[in-house]
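Place chain B on chain A using the hints.
2 protein chains.
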Amino acid sequence: MTRQRIGFIGTGIMGAPMARNLLRAGYPLTVHSRTRSRAQALLDEGAHWADTPRDLAHANDIIITCVTDTPDVQAVLLGPAGVIQAAREELICIDMSTISPSETRKIGEILAGQGITLLDAPVSGGQIGAIEAKLSIMMGGPAEVVAQVRPIMETLGRTVTHCGPLGFGQTTKLANQVMVIHTIMSVAEGLAFAERAGLDLETTLKVTTAGAAGSHSLKVLGPKVVAGDLKPAFMVDLQQKDLRLVLEHAEQIGQPLPGAALVKQLFAVLQAQGRGRDGTHALIDVLRQLAGRNP
Amino acid sequence: MTRQRIGFIGTGIMGAPMARNLLRAGYPLTVHSRTRSRAQALLDEGAHWADTPRDLAHANDIIITCVTDTPDVQAVLLGPAGVIQAAREELICIDMSTISPSETRKIGEILAGQGITLLDAPVSGGQIGAIEAKLSIMMGGPAEVVAQVRPIMETLGRTVTHCGPLGFGQTTKLANQVMVIHTIMSVAEGLAFAERAGLDLETTLKVTTAGAAGSHSLKVLGPKVVAGDLKPAFMVDLQQKDLRLVLEHAEQIGQPLPGAALVKQLFAVLQAQGRGRDGTHALIDVLRQLAGRNP
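If you read the protein sequences in the order shown, they are chains A and B.
Under this note's numbering, the residue at position 178 of the first sequence is numbered 170, and the numbers go up by one with no gaps.
Under this note's numbering, the residue at position 212 of the second sequence is numbered 204, and the numbers go up by one with no gaps.
Isolated chain A (complex conformation) (with noise of 0.2 Å):
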C-alpha cells in the first residue's frame, strides 16, 4: 500500500512525538521547524527536512501544522515562504495548533481561493497523549475530506471526532479548555482550602477523588500538589493563551464566561511573578499568597 507523503511543519514538545508516530507507521514524512536542531531526532529517525514550509508543500501532498499560536499558523501557510506559495489542488493542510476558529476559517477562505482544502484538528492529552498516540483529536472542515485523513489521524490519537465545519474543531477545543480550568480551579481552591484548615492532604485526596469532587485534574494533579512538584504537566503561559482564545472567541459570540475570566486573572498573577513555565497545578500558590504565605 502506498502511503500519502506528510509533511510536518512544528517539532515542539507536542509535534516531534506526532511527526515520530507518523514516521513509525510507515508514512514517508518530511519536516520543518522554525529551528532545524529541535528537528534533529526526527532526522536521525528518516525524516527529510525541507528548508521552507514551501519547499514541504512542493514535496507532500498532506501539509500538518502543529505550531503555538494563530500568527505563528498563519506565517507558514500564508507568508512569503508559505504553503500557500505551492498551491494547487490536490493538497490538503491539517493544523493540530490550538488557534482562533475565527481565524481559521479566514485562512481556510484564503487557501481555498488557491485550491487548498484546511481542516482544523486541535488536540488534547498533552506531551503524554502524543507520545503514546493516544490524543483526543477534534476535527473540523467537510465531511469528506475528514474522512479522507482519518487513518492519518487515527496514527496519532485514540479518539477522531469530526465537530463540524472549518473552525468546529477549535470551537470545540476551547469548550474543552474551558472545562478543564475550572477543574484545575477545583484542585487549587479545594486543597489550598484543605491545607490551610489543618487536614491531612493525602487523606482529603483520596477521600474526594473517588466521589463527587473527582475529576480527571484532580486525578493527576493533586497527588503533584501534595508532593509539591509543580513541573508542567501543562504549562501556565500555554493555558493562559488558550483563555485568551477563548476569552475572545466568548465575547465574539456574546457568551460571557465570568469563572473563567477570573481564572485568567489569577493565572496571570503567576505570570507576573515569572512562574509562566510552571505547571497549571502552580495556581494553589496564587491561593496561598491570598491567605499571606509566601511561595
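There could be a bad hint or two in this list.
Said to hold, decoys possible - Straight-line Cα separation of at most 27 Å, DSS-like style, residue types lysine-lysine; simulated pairs: (1) B:223 <-> B:256; (2) B:211 <-> A:256; (3) B:198 <-> A:256; (4) B:233 <-> A:198; (5) A:211 <-> B:216; (6) A:211 <-> B:198; (7) A:211 <-> B:126.
Claimed, not checked - From chain A, some residues computed to sit far from chain B (all C-beta separations above 12 Å): (8) 4; (9) 33; (10) 43; (11) 50; (12) 81; (13) 101; (14) 137; (15) 142; (16) 154; (17) 185; (18) 192; (19) 222; (20) 264.
Calculated from the structure, these hints are not laboratory results.
Where a beta carbon is used, it is the ideal one built from N, C-alpha and C, also for glycine.
Below, chain B alone, put in the same frame as chain A:
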C-alpha cells in the same frame, strides 16, 4: 450477636434510606423526625418511634443525626427535649448532617461536659449513595470511638475515612464541596460556551468527558443539561447552604476563595428567581441569561 440499639433522628431524603439500611442490617432501630408522617414507611418496616430526641436517647446507646443545618443539630442534641437531657457515659452521638466544623466542636464540648461523645460523619454520594449504601463517610473524633462505630458506618457507606479530631469530618466535607462546585461551574460554562458557539452538544460531551476536562459532574450532569432535564440530583438551596458553610469556615481560617465566592453569587441568581429547588446544573441557565437568553 447482640447489635447495638440505634436511635436515628431525621428521616428526610438522606436519613430515611440510611435508617432503612440499618434496619435491614438487623440493628434495633428507633427513629424521630420533625414530621412523623415522613417516618411512617420506616415504622411500617419495623422501626420504633420516639416522640422526642430525649426519649430516643433514653432507650438507645448510639444516636445518629441526619438533619439539615447547624441550628437543627443544636436543637435535637442540646435543646430542652434534646439528647443531652438523657445524658449518660455510654452515649455516643454521630452527626451525619453537613454543618459548621467550629459549631460541631462547640456542641461536642457541651456534650462532653455531660459524658456524651460526639463524632462528626458527614457524607458524600447523594440520595442514590444513601439508598445503595455507597456513601463516602468522612469522620472526625477520637480514633477509638470511630473504630467502635465503624461497623455501623460500613452499613451505610462504601468508604469510611477517619479524617482527624472532632470537626475534621465536616472540614473534609467542605473541602469536597469547594471542589464539587468548581466542577459544576466547569459543566455550566463549558456547555454554555459550546451551545452559544453552535457546537453539537452531544459530540462536545463525548469528546470532553473522556479527556482532560473529564469530571464526575460532567459525566453525571452533562447529559442532563443536554437533555434539558434540570431536576435536582442535588438542589441549589442545599448547595448554597454548603457554600455558606464553606465561606464562613474559609473566613475563620483566613483563606480567601474568590472562585467559590463567585459561584455562590451565580447560584444566588437562581434563588432570586425562585429556582432554589432546581438541580445545581441549572447554573447553565445563569450563563444563558448573561448571554441575553431567557431560561
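Each hint, compared with the structure:
{"no.": "1", "hint": "B:223 <-> B:256", "in the structure": "holds, 19 Å"}
{"no.": "2", "hint": "B:211 <-> A:256", "in the structure": "holds, 25 Å"}
{"no.": "3", "hint": "B:198 <-> A:256", "in the structure": "holds, 26 Å"}
{"no.": "4", "hint": "B:233 <-> A:198", "in the structure": "holds, 24 Å"}
{"no.": "5", "hint": "A:211 <-> B:216", "in the structure": "holds, 24 Å"}
{"no.": "6", "hint": "A:211 <-> B:198", "in the structure": "holds, 20 Å"}
{"no.": "7", "hint": "A:211 <-> B:126", "in the structure": "holds, 20 Å"}
{"no.": "8", "hint": "4", "in the structure": "holds, 19 Å"}
{"no.": "9", "hint": "33", "in the structure": "holds, 26 Å"}
{"no.": "10", "hint": "43", "in the structure": "holds, 36 Å"}
{"no.": "11", "hint": "50", "in the structure": "holds, 35 Å"}
{"no.": "12", "hint": "81", "in the structure": "holds, 30 Å"}
{"no.": "13", "hint": "101", "in the structure": "holds, 18 Å"}
{"no.": "14", "hint": "137", "in the structure": "holds, 18 Å"}
{"no.": "15", "hint": "142", "in the structure": "holds, 15 Å"}
{"no.": "16", "hint": "154", "in the structure": "violated, 8 Å"}
{"no.": "17", "hint": "185", "in the structure": "violated, 5 Å"}
{"no.": "18", "hint": "192", "in the structure": "violated, 7 Å"}
{"no.": "19", "hint": "222", "in the structure": "holds, 18 Å"}
{"no.": "20", "hint": "264", "in the structure": "holds, 16 Å"}
Hint violations for this structure: numbers 16, 17 and 18, all remaining hints satisfied.
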